[in-house]
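Construct all of the structure, not just a fragment, from the sequences and the given hints.
Sequential numbering of the sequence shown, starting at 1, is according to my numbering.
It is worth saying that the hints were derived from the structure and are not from the lab.
Capping the alpha-carbon separation at 20 Å, the derived lysine to aspartate or glutamate pairs in DMTMM-like fashion look like this:
1. K129 with E77
2. K120 with E59
3. K108 with E83
With beta-carbon atoms standing in for the labels, derived distance ranges:
4. P123 with G19: 42 to 48 Å
5. V100 with E47: 34 to 40 Å
6. E89 with G19: 29 to 35 Å
7. M85 with I35: 17 to 23 Å
8. E81 with E125: 17 to 23 Å
We put the beta carbon where it would ideally sit given N, CA and C, even for glycine.
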Amino acid sequence: MRYITKMNKVRYYETDQMGFVHHSNYLKYFEMARIEWFDFLDIRYVELEKKNIWLPVVECSISYMNPLFFGDQFKVEIKCEKEPMSKIEFSYHIINNKKVEICRGITKLAFYDPKTKKPKKCPLEIKEKFFNS
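This is the structure in structure tokens:
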């Protein structure tokens with residue numbers, strides 16, 4: 001399943017001295033897209049945490065193709081193609097408003113119980129929302 005965010009705009013504070021979006025901000029764009037998708041699916045981080053389900057990022061990678069600059073507009077396409085078990089993997093594709101590919105990336109998040117400090121299985125209701133929506 002995939003989700004595409006609304007158009008976003010690069011803010012000045014996200015750029016470095018050279019005028020490029022700083023590389024660390026792409027992970028923030030990924031997180032914003034992920035949370036927006038969760039909201040769309042009516043999955044709330046606050047509610048998950050109340051159920052002792054945390055989702056820390058345990059792995060991430062990004063391949064950069066083209067830079068973004070202050071004022072550029074872009075969208076994030078996010079996909080979840082594998083059924084989650086104790087981890088859930090998302091792939092991301094950022095493209096600007098001129099349809100130029102900016103970057104691709106992945107994040108893996110673990111389902112984690114903060115009380116036991118151990119991984120746990122993906123709750124059925126989350127699987128259903130990602131793969132039956």
